[in-house]
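Peer 1: Next come the chains, spelled out residue by residue.
Number of protein chains: 2
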Amino acid sequence: MLLQAREYEEINRILATRLSEVEARFKAELLSDLEPVNMLANHVERYRGKMLRPTLVLASSAAAFADRAGDAVFQDAVVTAATVAEMVHMATLVHDDILDEAEMRRRGATINHLRGNEAAVMLGDYLISHAYHLCSSLPSASASRAIAAATNTVCEGELLQLHHRGDWALTERTYFEIIRRKTASLCGACCRMPAVLAADRADGGGDPVALALFAYGEKLGIAFQIVDDVLDLAGDSDQVGKTLGRDLAKGKLTLPLIRHLAVSGTRLPEVDTAGLDADAAGVLCEAVIAGEGLDYARERAMTLVADAKQTLGDAVPDSPARRLMMALADAVVDRQA
Amino acid sequence: MLLQAREYEEINRILATRLSEVEARFKAELLSDLEPVNMLANHVERYRGKMLRPTLVLASSAAAFADRAGDAVFQDAVVTAATVAEMVHMATLVHDDILDEAEMRRRGATINHLRGNEAAVMLGDYLISHAYHLCSSLPSASASRAIAAATNTVCEGELLQLHHRGDWALTERTYFEIIRRKTASLCGACCRMPAVLAADRADGGGDPVALALFAYGEKLGIAFQIVDDVLDLAGDSDQVGKTLGRDLAKGKLTLPLIRHLAVSGTRLPEVDTAGLDADAAGVLCEAVIAGEGLDYARERAMTLVADAKQTLGDAVPDSPARRLMMALADAVVDRQA
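First to last, the sequence lines map onto chains A and B. Just so you know, the first sequence maps onto residues 3 to 339 in my numbering. Just so you know, the second sequence maps onto residues 3 to 339 in my numbering.
Where hints are given, some of them may not hold.
Because identical chains share one entry, a pair is satisfied inside a single copy or across any pair of copies.
As the list claims (entries may be wrong) - Okay, derived cross-link-like pairs now, DMTMM-like style, lysine to aspartate or glutamate, Cα gap no bigger than 25 angstroms in a straight line:
#: 1; residue 1: K29; residue 2: E179
#: 2; residue 1: K252; residue 2: D240
#: 3; residue 1: K52; residue 2: D78
#: 4; residue 1: K252; residue 2: D102
#: 5; residue 1: K29; residue 2: D205
#: 6; residue 1: K252; residue 2: E37
#: 7; residue 1: K252; residue 2: E105
#: 8; residue 1: K252; residue 2: E103
#: 9; residue 1: K252; residue 2: D281
#: 10; residue 1: K52; residue 2: E31
#: 11; residue 1: K252; residue 2: E174
Just so you know, these hints were derived from the structure itself, not from any lab. Only a predicted model underlies this, so the values are computations on that prediction, with no experimental measurement involved.
Turn these sequences into a full structure, and let the hints guide you.
Peer 2: Put into structure tokens, the structure is as follows:
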């Protein structure tokens, strides 16, 4: 997520250093004395993408806790928390690919496709276990508590989504409830994490800055998931780097579809847990692309990003790090992959 | 695991009270504001069996930290840790059933059979996340660190076992490495947990009592898994309450089979990741039952239990709680289910 403009030079340099520390810590923490375990764990390195979640932790720290810039213990804890966030995210990707029966991720084969669902279940568990293990290396339990609270919510979102598979009457309200939990809660927790560490309280101490950081991350996360859902329908498979059209195939109703069904009056069988067959999905997909569902979803995402920026701007003073967070929010809706 | 004899009356009463606290805390911690999540989570209540792992935490506390009996904060932390142990165990059962394609557990349908693998993946994640969340409610991170270290090892054991699926040349040495990690490490961690809480160190402070409690739990855990593997081959399906013969069907070589293949000179294709077909598995199963593999495995389990008792007896003074732990070890090899 690093930006090129000259004004970001200093903050980019700091973030790049910290992100490479995150990568090194990630690798070191997963190392096992068993070679078959290392072979499998190494595969997830190839899943590494934009590193959005650790970037959120690091940028929030730089923007809101500039006074702790010289505090080596605090900075080390922030890097640990950023690594934990990336590990949790990787675990959810590995388990998500089982749920979606996805064959491709970041232009490579998924673990479930390559080594079977069993290996993917266990590799995801291995990642989540190591994430909690690394987090509990911090002296206080408050970061562990905050991360586990976020993963509780992520799992609730995933379970709610599963419950509504094939529910073609899914409302916008429930859709937003699902994505707030499954995607946005972790982004919010990432942004609040420096406040959690600073206050040594799992809720970040409840001060206005902690609340604003969480709200910024949550709104950004909801927007991010909407864009993901738009790209699943209308993205370029080569650019996105993963199997597209999985949402319809797995009976998952997303915002562009919900909007399209509502305005076009298209009727689908109310409950169909098997998902649409390929032909029906193709026809529906074309109709959504021709209709207004995609634009509607993109506009909702843009409004959320504007809100996120407003929230951040109201609580955190201007700085290169804050401007970087503003640009991060814009990048969430501008991305093609 | 409660025992009936008169000498256990007092310790039984204490354990029964604590175990019902564990059940209540388990239920309360899993409660969600989403009804579909609660419906699924309630299903695991039906998986509850002997409650071996929380019993190990509680009995170790009573046997080795009798001086803390009146310390309400310590006792509360012990009950929390016992609940965490049960939750971690339940999570491994839910994910194990996916790996084993098991249809029955504790005389009921498994989640994967009833609701699909996707729901089972997410329910297991929900349980493990809540286990870490509950554990991080303790003021210090050392219990979280100890639990996460144990789950790291459990996952390694599961991944090593997966790697050796269909490896009909599996050695006893690797078999023991697998079961030490996947089963015994958590039992060891349960027994050491009161020492972790007392010393506020994830390794239990390294004193002889902590080491002995871990060694007792680990040996008991290895014996427990050997007996599980014996029952999978030669148990009574009604009594055991789950699908039997899964090990052979999934290409998992266990101690009775390893021994049988070694002494009978039976040759199988060296690697066969698909597992044996039902007919071949049936013939092999009959041959193992007629041979000496089962007795050999049972004897190894009995030796381990004797070792576990010796280790405990050397480090912890005699008391009703210690005698209960001795009886627990015996029950591990005597069980038919």
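Peer 1: Next, verify each hint and record whether it holds.
Peer 2: The hints, checked one at a time:
1. K29 <-> E179: Cα proximity of K29 and E179: across copies only (24 angstroms, versus 34 angstroms in one copy).
2. K252 <-> D240: Cα proximity of K252 and D240: one copy only (21 angstroms, versus 37 angstroms across).
3. K52 <-> D78: within (21 angstroms within a copy, 43 angstroms between copies)
4. K252 <-> D102: Result: close both inside a copy and across copies, 7 angstroms intra and 24 angstroms inter.
5. K29 <-> D205: between (29 angstroms within a copy, 23 angstroms between copies)
6. K252 <-> E37: between (35 angstroms within a copy, 22 angstroms between copies)
7. K252 <-> E105: So K252 and E105 pass the 25 angstroms test inside a copy (13 angstroms) and across (23 angstroms) alike.
8. K252 <-> E103: both (9 angstroms within a copy, 21 angstroms between copies)
9. K252 <-> D281: within (14 angstroms within a copy, 36 angstroms between copies)
10. K52 <-> E31: within (20 angstroms within a copy, 34 angstroms between copies)
11. K252 <-> E174: within (18 angstroms within a copy, 43 angstroms between copies)
In terms of the numbered hints stated before, the structure departs from none.
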